[in-house]
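A.B. asks: Build out the structure end to end from the sequences listed, making use of the hints.
So the sequences go chain by chain: A and B.
Under the numbering used here, residues 79 to 379 are what the first sequence spells out, in order.
Under the numbering used here, residues 50 to 513 are what the second sequence spells out, in order.
If you're looking for bench data, these hints aren't it; they were derived computationally from the structure.
Since we're looking at a predicted model, the values are computed, not measured.
One side of the interface only, derived from the structure: several residues of chain B facing chain A at Cβ under 7 Å:
hint, residue
1, ALA354
2, ALA364
3, LEU368
4, ASN371
5, ARG486
6, PRO488
7, LEU492
Beta carbons are placed, not taken as given, at the ideal position from N, Cα and C, and that holds for glycine.
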Amino acid sequence: MTGGDAALLVEHLTMRFGGLVAVSDLSFAARRGDITALIGPNGAGKTTVFNCITGFYKPTEGRIALRHGDVAAWGALEALTDRGSRSARTRDGVLFLLERTPDYLVAQQARVARTFQNIRLFPGMTALENLLVAQHNRLMVASGFTLLGILGFPSYGRAERVAIDQARYWLERTGLIDRADDPAGDLPYGDQRRLEIARAMCTGPVLLCLDEPAAGLNPRESADLNELLLAIRADHDTSILLIEHDMSVVMSISDHVVVLDYGVKIADGTPDQVRNDAKVIAAYLGVEDAEVEEVEAEVGL
Amino acid sequence: MKVDAPAAGRRVDVAGAVKDAAIAAAIGFGLFLPLIGFRTVQNMRNELVLETRWPLLLAFVAIIAAARLFGSLVIAPWRERRRDRPAPPAAASAIRTALARLLPPFGLGFVVVYPLLVLWITGFGGAVKWIDNFGIQILIYVMLGWGLNIVVGLAGLLDLGYVAFYAVGAYAYALLAKTFGLSFWILLPLAGCLSAFWGILLGFPVLRLRGDYLAIVTLAFGEIIRLILINWVAFSNGYAGISGIPRPTFFGIPFNASDDGFAAVFGLEFSPLYRTIFLYYVILALSLVTAGVTVRLRRLPVGRAWEALREDETACRSLGINTTNTKLTAFAMGAMFAGFAGSFFAARQGFISPESFTFLESATILSIVVLGGMGSQVGVAIAAIAMIGGTEILRQLDFLKEIFGGNFDPAQYRMLLFGLAMVLIMIWRPRGLISTRRPSTFLKERKLRARSQVSAALVEEGHR
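C.D. replies: As structure tokens, then:
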């Protein structure tokens, strides 16, 4: 199978924790430049899928492939899988097999950035410092792996100014520029959510994985978030993968929705298709397919 | 506490205070009865007999009751009153920030002129004691504290075996200088590199551990190094230690009474003081290098990564930071400075033995870092001065012998005093003397200095 215009290709992904099958034989593709939403009731295995994609878990079975560059790069997929290495560079682009890549390399080389369901900022560091840490690898090279930096070579100063400009750009985009020098732990909840997205974007990702970015936001904040995500998609070469419970976010911005229930994919399509899918409604209402209409009548849908 | 008419102020509840003191005394009695009340001694026929010490026990109980009574009758109302008073005016905090700004340059100026100042005050006779016991000794610990601060304060890795790297540095200098006759200035960086190498060697297997587990393994590593030094007699001469270690020279000119010695070359009268003053400036320079490098590192990506690691390791990995390497650099950097300090220590003493590298040393260095406030350079320096200088001052309090009798050695009580200091710091400043964190960079010019500090409540202490 080749990925077509997909940026991320997940095939037969299975994750078992002892006897528990958290994700079972899941396959989907996230197209380049799309916002793909991963939804499902609590405990459906969405965050597990995220952890597999970002390398925090090593999946029990399955293949997770990511493409940089041209569509033609998919041609090297089978050869790469057989070879047993992590990535393959061809004339058309680079392919990564994320299930073989440790977590920090997923971010560093495959350029997949993520946010966390429970915010994980560096609370004692300022918003600006948080964004500079995100540019660690680039700055590390510029500082000659600390050696040139400690001797005060100007190349590091230049690189740091570029990094600060990049941070400033994202602080402006997320409306946090006035709080740049405040500790991240001091920011209100909604600002922390946005700062985490800004931090992820500062790594320069091709794929941005957002784990419930709208959780705990009020309606106005989640409307702002919608705009931010749409702007990221429009202005940057970044595909977005999104876990979300807030249907106002999912339905209004996603191009493509994948629905999970008990670790199994039950639907896959455009927001409209998914919204009208009987299986999805059943899963969300927690009843068998046959009873859906009955329950819908009961709750007045 | 009963509250009467607010205008009349608060009345102190005497009956309640007495009752509270009685309860404390009863608990003290129960606790100290077996500890102090009874004592077993051997009599002339080598039999164990039980001896009672009622007066001493009574004295302890009385002290407890009196202290408790004093606390509830005097201190508690005083604190109450203090709390009611409005917050101190802005002038007080302005003085505080001004003090915080002026302390480092003035402190630096003071340590630079310190030997000359001592020389001026005490003359040639008494100066060695003050420069060596106070100046050099304290600066060694300041340097060790700053070195450990990188590991514990910045990277948040709790290291209980830091003295192992100090030992590696000391033995590296001692053995290489004695065997190959290399000079201090060649061996100083070499000893640092060797210590850093050992830091990496230890780091590789253990840095996947976190918090308490890491602490235990580093503790064990510290003991392993010490036990190897004790038992591998062929290598390190065991308990007997290594003596006759070559002393550092003034860039080739030895400090001795010979014709080509330092005093003769510079046309001075021979005195051992010149070496001491030279050593003082060497360790001062080494400490300042440690501080300078640390300050620089904090502004480099690696330093920010260390702090980020302390704050949240998972988030670091999600940003593509190789956490293993980052931890290793922190470990190696800390170990390197310990190695420098160790080789200086060996060169200054001329004699080293495993006795100098016990767990107590690690604990002292760690408590300097914790007391000073993790991550704070100034705090660590103040804590080192208080702890090491305090010990030395206890040694100097000879007049106490006249009060308590000839057997009284105040230095024996230093652990008690350290413990007390720790408890007090824990109550009043749980994050150490200077607990706020200074951001490593600012987007805008810092207009308000008071606001440019990160409160301690937000900063993680790592080692969770």
